[in-house]
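Number of protein chains: 2
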Amino acid sequence: MFAVPPTPAMIAFASSWLLAMGVLPWIRVVAHLCAFRFAQRCASGHSGPFRAISGHFGLFRAQKKDPIVDFRLTFGSCLRDQLHVLKGTIAHVAPRAHRATQGAMGSQQQTGLRWGILGAGKIASVFAADAKAAGIRFTAIGARDTGRARAFADRFEIGRAHGSYEALCADPGVDVVYIATPQAFHAEQALLAIAAGKHVLVEKAFTVDAASARRVFAAACEAGVFVLEAMWTRFTPTMIAVRERIARGDIGEVRAITTAHHQKLDLSRAGRHGDPALAGGALLDLGVYAFALALDLLGTPHSIAAAGRVDVAGVDLGAQVLLGYPDAGASLSFSMAHPGPNDASIMGDEGWIHLDAPYFAWTAFQRHDASRPARLVESWEPYAASGMNGTRGMQFQALELERSVAAGLQESPLMPHAHTLAVLEAMDAARAQLR
Amino acid sequence: MFAVPPTPAMIAFASSWLLAMGVLPWIRVVAHLCAFRFAQRCASGHSGPFRAISGHFGLFRAQKKDPIVDFRLTFGSCLRDQLHVLKGTIAHVAPRAHRATQGAMGSQQQTGLRWGILGAGKIASVFAADAKAAGIRFTAIGARDTGRARAFADRFEIGRAHGSYEALCADPGVDVVYIATPQAFHAEQALLAIAAGKHVLVEKAFTVDAASARRVFAAACEAGVFVLEAMWTRFTPTMIAVRERIARGDIGEVRAITTAHHQKLDLSRAGRHGDPALAGGALLDLGVYAFALALDLLGTPHSIAAAGRVDVAGVDLGAQVLLGYPDAGASLSFSMAHPGPNDASIMGDEGWIHLDAPYFAWTAFQRHDASRPARLVESWEPYAASGMNGTRGMQFQALELERSVAAGLQESPLMPHAHTLAVLEAMDAARAQLR
Numbered sequence: 001m002f003a004v005p006p007t008p009a010m011i012a013f014a015s016s017w018l019l020a021m022g023v024l025p026w027i028r029v030v031a032h033l034c035a036f037r038f039a040q041r042c043a044s045g046h047s048g049p050f051r052a053i054s055g056h057f058g059l060f061r062a063q064k065k066d067p068i069v070d071f072r073l074t075f076g077s078c079l080r081d082q083l084h085v086l087k088g089t090i091a092h093v094a095p096r097a098h099r100a101t102q103g104a105m106g107s108q109q110q111t112g113l114r115w116g117i118l119g120a121g122k123i124a125s126v127f128a129a130d131a132k133a134a135g136i137r138f139t140a141i142g143a144r145d146t147g148r149a150r151a152f153a154d155r156f157e158i159g160r161a162h163g164s165y166e167a168l169c170a171d172p173g174v175d176v177v178y179i180a181t182p183q184a185f186h187a188e189q190a191l192l193a194i195a196a197g198k199h200v201l202v203e204k205a206f207t208v209d210a211a212s213a214r215r216v217f218a219a220a221c222e223a224g225v226f227v228l229e230a231m232w233t234r235f236t237p238t239m240i241a242v243r244e245r246i247a248r249g250d251i252g253e254v255r256a257i258t259t260a261h262h263q264k265l266d267l268s269r270a271g272r273h274g275d276p277a278l279a280g281g282a283l284l285d286l287g288v289y290a291f292a293l294a295l296d297l298l299g300t301p302h303s304i305a306a307a308g309r310v311d312v313a314g315v316d317l318g319a320q321v322l323l324g325y326p327d328a329g330a331s332l333s334f335s336m337a338h339p340g341p342n343d344a345s346i347m348g349d350e351g352w353i354h355l356d357a358p359y360f361a362w363t364a365f366q367r368h369d370a371s372r373p374a375r376l377v378e379s380w381e382p383y384a385a386s387g388m389n390g391t392r393g394m395q396f397q398a399l400e401l402e403r404s405v406a407a408g409l410q411e412s413p414l415m416p417h418a419h420t421l422a423v424l425e426a427m428d429a430a431r432a433q434l435r
Numbered sequence: 001m002f003a004v005p006p007t008p009a010m011i012a013f014a015s016s017w018l019l020a021m022g023v024l025p026w027i028r029v030v031a032h033l034c035a036f037r038f039a040q041r042c043a044s045g046h047s048g049p050f051r052a053i054s055g056h057f058g059l060f061r062a063q064k065k066d067p068i069v070d071f072r073l074t075f076g077s078c079l080r081d082q083l084h085v086l087k088g089t090i091a092h093v094a095p096r097a098h099r100a101t102q103g104a105m106g107s108q109q110q111t112g113l114r115w116g117i118l119g120a121g122k123i124a125s126v127f128a129a130d131a132k133a134a135g136i137r138f139t140a141i142g143a144r145d146t147g148r149a150r151a152f153a154d155r156f157e158i159g160r161a162h163g164s165y166e167a168l169c170a171d172p173g174v175d176v177v178y179i180a181t182p183q184a185f186h187a188e189q190a191l192l193a194i195a196a197g198k199h200v201l202v203e204k205a206f207t208v209d210a211a212s213a214r215r216v217f218a219a220a221c222e223a224g225v226f227v228l229e230a231m232w233t234r235f236t237p238t239m240i241a242v243r244e245r246i247a248r249g250d251i252g253e254v255r256a257i258t259t260a261h262h263q264k265l266d267l268s269r270a271g272r273h274g275d276p277a278l279a280g281g282a283l284l285d286l287g288v289y290a291f292a293l294a295l296d297l298l299g300t301p302h303s304i305a306a307a308g309r310v311d312v313a314g315v316d317l318g319a320q321v322l323l324g325y326p327d328a329g330a331s332l333s334f335s336m337a338h339p340g341p342n343d344a345s346i347m348g349d350e351g352w353i354h355l356d357a358p359y360f361a362w363t364a365f366q367r368h369d370a371s372r373p374a375r376l377v378e379s380w381e382p383y384a385a386s387g388m389n390g391t392r393g394m395q396f397q398a399l400e401l402e403r404s405v406a407a408g409l410q411e412s413p414l415m416p417h418a419h420t421l422a423v424l425e426a427m428d429a430a431r432a433q434l435r
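One line per chain: the protein sequences are G and X, in this order. Position 32, counted from 1, in the first sequence is what full-length UniProt numbering calls 32; the numbers after and before it change by one each time, with no gaps. Position 352, counted from 1, in the second sequence is what full-length UniProt numbering calls 352; the numbers after and before it change by one each time, with no gaps.
By construction, these hints were calculated from the structure, which means they are not laboratory data. Warning: the hint list may mix true and false statements.
Because identical chains share one entry, a pair is satisfied inside a single copy or across any pair of copies.
Computed list of lysine to any residue pairs in SDA-like fashion (alpha-carbon distance at most 25 Å, straight line) [unchecked claim]: (1) K132 - G252; (2) K122 - R372; (3) K122 - Q433; (4) K122 - P373; (5) K122 - D266; (6) K122 - S371; (7) K132 - A407; (8) K122 - S303; (9) K132 - G299.
Because the structure is a prediction, the values reported are computed rather than measured.
This is chain G alone, in the form it adopts within the complex (with noise of 0.2 Å):
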């Protein structure tokens, strides 16, 4: 890691690092240097109070737009007395290939991390069960009463059950919050335990739009905290496999991506999902999976087309979004209306990935080449070799976060806040065309 912005030292090491590893048929060296795009996104007063921005400069095939070789970069600016102060980190000095295996599936991790759980729904029992398999340490426990905080408590063997989300961002026993309420309250929450000097992980959708998430990023930067979103699915091993494949042109260059996610859920408002006050849509419940995959394989969206429904009470019930992209793009299906298919679908020039329903989880996936018929090459099975027979998944994003703090970071090097950001606001721009 480093501490300041990249010099033109440092690109020398590294590119003649590279070179000697044996990438010398890559001829052309481009830079994009973030700290230039930071001064002038400070130059052009667009940056606001805190902005992530994240860049990469790289090894570039002769005629080719796509990096083979790429530095990944992220900066981050705080409103501190009124001065933009500068933080560079190079996230990443290495190939795709080995940013793909990073986060392997090491478990029972000795970080000495203390967890408490902010909340005690559903999702909260099935990330406990997951992450204490994998040797998460849970210390503490909050709920809106103290009856169902101890309930919790005593079915996970976890020590302090407090009946006040205040109470356990205020626990020094303490050293890491989970969120796992409905995501109107997340920025709220995840501010409290930022205060309070907590690195924070929280359940997905992160907030309820961008502007929420830029508020949550610019407390963390100030305090010094770690924050992740959980999106699970980035960490899990088949998430991992795929990449991994794809950084090795298993695929050849990504081209489309489809997903499908339909479910017919309870809308009623007793239900969370259909009530507008805790920000029920099937947006930000289902397709921010869908977001969060094709933004992680092919970047931010050139452009952004959704045409949905809405219900009386404003609540988003489903949608069909497309994301254009130069040379590739993605289809999003999803609705929390009415059923249908639940599987996703990678497409390259060389071959396709297809994703088992339901696609957002950690699942199997099949991979075909380009034949024709396509010939099936592959079978991926999620539980082999993994030694977590038994969990649905949800630990790999705490042993992310585990191994991210250990090693100083601030942010994830495979959903870092700009990845975040960048989904809500195709979240943002999707919600604008919904009628």
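Could you slot chain X onto chain G? The hints should help.
Structure of chain X alone, referenced to chain G:
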């Protein structure tokens, strides 16, 4: 069939008939009279020399926009002596369920129609084999040279082999011409056949754009001959069964359609697909199935967004397309430059239908209900009870043409000119958005 525009008396008659049939609960009668829209178009000067217009009037549920029972009407005008002549036909005076069962599987009809094939390529062979098995009577084949035509005639036991398309069209022993050449030539050759007074079945895509199609329909209208786009998947027992299930409410209101069509084809200039001179491109070759399916079930889209790639020669390689409707949406994904899935899903409030890969064929489907997880309630197999094992399914469009001509129609109720035009107009709109 009525040869005049519907009058208020006709509407009253039809309404009372339907009310007598037990649809009394549907209390609001709304009439969209095509004559009115037609007059509007003429008045606005946008109608051009020919414009097919379709519309509907029907019985509507209170507070619902979608008609439960609809009458479909198709109007056309011909530029004849500079006068627009209005021809009105009530193409469907039938509830949806009746419409869905039209074009059933009957074969070996004895209409006496004599068919000629224009073009001796691959698709002509498949069609000839299927249609012969269904009792279609071929009397002539025309190709660019006599040897090629003779070989085809020998293979399929067809009497006369013509060495030019002109000779085929001039053959007095031919009543119907099936045009099986690359789509760049369809309009010109259809006009040739129409000028000779033949009925025409034109391989899809019907023409390269909507403007060309309008010229063909105008000529057919003037000549009084039948013209049909060979959108063969619309006439298969598969789609008849699918429409029947939708009409009887098995999956509720259709809310979303997703289609996937991905094949890595030969895109060298030697092949048809990559040749701009032959109007090669994914939109016309692959996308046409997706647009035709979506527009069949959801109607003309209210919004169209497309993202895709065009190669240096101007050939579109593939695209993601979003079709927006007030209460539904369709996500279409297709490419001829990379492999991927080839299935489709039709989702409604109460269930969904999965069309097996390749969905653009006489395929199998599975119907699921809306429980969680969705329960398989029907598995439909294509060849059962068809009596047509061993055929690919291209005969059904020929049977539809024979049935329609025998009924004195100038267009198919299942694929009227307005549908072909709507598909081409939507593809024109999508093409304009590809870079």
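Here is what the structure says about each hint:
no.	hint	verdict
1	K132 - G252	neither (38 Å within a copy, 44 Å between copies)
2	K122 - R372	between (45 Å within a copy, 17 Å between copies)
3	K122 - Q433	neither (32 Å within a copy, 44 Å between copies)
4	K122 - P373	between (43 Å within a copy, 18 Å between copies)
5	K122 - D266	within (15 Å within a copy, 51 Å between copies)
6	K122 - S371	between (44 Å within a copy, 20 Å between copies)
7	K132 - A407	within (22 Å within a copy, 73 Å between copies)
8	K122 - S303	neither (36 Å within a copy, 39 Å between copies)
9	K132 - G299	neither (33 Å within a copy, 52 Å between copies)
Comparing the model with each earlier hint shows violations of hints 1, 3, 8 and 9; every other hint is respected.
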